[in-house]
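> Dock chain E against chain X, hints included.
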Amino acid sequence: AQSVTQLGSHVSVSEGALVLLRCNYSSSVPPYLFWYVQYPNQGLQLLLKYTTGATLVKGINGFEAEFKKSETSFHLTKPSAHMSDAAEYFCAVSGGDYKLSFGAGTTVTVRA
Amino acid sequence: DAGVIQSPRHEVTEMGQEVTLRCKPISGHNSLFWYRQTMMRGLELLIYFNNNVPIDDSGMPEDRFSAKMPNASFSTLKIQPSEPRDSAVYFCASSGQISSPLHFGNGTRLTVT
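Protein chains in written order, with this note's numbering: chain X, -11 to 100; chain E, 179 to 291.
Calculated from the structure, these hints are not laboratory results.
Every value quoted in this text rests on a predicted model; they were computed, and no experiment measured them.
One or more of the hints may lead you astray.
[Said to hold, decoys possible] Here are the simulated BS3-like cross-link-like pairs (lysine-lysine), alpha carbons at most 27 Å apart as the crow flies:
| hint | chain 1 | residue 1 | chain 2 | residue 2 |
| --- | --- | --- | --- | --- |
| 1 | X | Lys87 | X | Lys46 |
| 2 | E | Lys246 | E | Lys202 |
| 3 | E | Lys246 | E | Lys256 |
| 4 | X | Lys57 | X | Lys87 |
| 5 | X | Lys57 | X | Lys46 |
| 6 | X | Lys37 | E | Lys202 |
| 7 | E | Lys246 | X | Lys87 |
| 8 | X | Lys87 | X | Lys37 |
| 9 | X | Lys37 | X | Lys57 |
| 10 | E | Lys256 | X | Lys87 |
| 11 | X | Lys37 | X | Lys56 |
| 12 | E | Lys202 | X | Lys87 |
Chain X on its own, in the form it takes in the complex (with noise of 0.2 Å):
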């Protein structure tokens, strides 16, 4: 079984500082790992996702992800925060099934 702990439910940036977004996993297989944003009444889109191969995974709008089997963590990172980036994280992990444990959110917020 897989799960997933996402750690911090409320981060607050200011406007260009780094954003760091932690995210551990708990897998019995090798696993698959996502983040995903949820804009307000929108639904959830992919941001990047790991697999195998390169553990650093670059995603869209300037975030990225490091795989780090040692200390089962797959942490969000964006090195400038825009005020775009104000919305809801979810990191999922799967054993490569179709079942995808979603953590319990965290919402940025960015400060102008």
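Just chain E now, with coordinates in the frame of chain X:
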């Protein structure tokens, strides 16, 4: 690509009434999922279809909930009778392969009074 299309976007109904939510997946995707999102429970998988066949309905909360996928381009989620605790946002998602990322619709916000 029009994406996953859900209707209606908002549904307000009275307790005891039947509610039907609709979904059109992305053309060519053979996996379809219904999720429910609430503040208390987050995102919950209700049911998973593969090639129009229900594979896992263990997340369907009660017999009041039912889902169908009569063809590759259409699915419904029905609640009969509806109850206030069914109030949530219901998402449909599709994917091309089992381990591929999901493509979500914009959801149906259901309010049962």
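> Confirm or reject each hint.
These are the hints, each one checked on the structure:
1. X:Lys87 with X:Lys46: Answer holds: Lys87 of chain X to Lys46 of chain X is near 24 Å, not above 27 Å.
2. E:Lys246 with E:Lys202: holds, 12 Å
3. E:Lys246 with E:Lys256: holds, 9 Å
4. X:Lys57 with X:Lys87: Holds, at roughly 20 Å.
5. X:Lys57 with X:Lys46: With a Cα-Cα distance of about 17 Å, the restraint between Lys57 of chain X and Lys46 of chain X holds, given a limit of 27 Å.
6. X:Lys37 with E:Lys202: The given pair, whose Cα atoms are some 24 Å apart, holds under the 27 Å limit.
7. E:Lys246 with X:Lys87: Roughly 19 Å separates the two Cα atoms, so the pair holds.
8. X:Lys87 with X:Lys37: Roughly 15 Å between the alpha carbons, so the hint for Lys87 of chain X and Lys37 of chain X holds.
9. X:Lys37 with X:Lys57: holds, 15 Å
10. E:Lys256 with X:Lys87: holds, 22 Å
11. X:Lys37 with X:Lys56: holds, 14 Å
12. E:Lys202 with X:Lys87: Distance ~21 Å between Lys202 of chain E and Lys87 of chain X Cα, so the pair holds.
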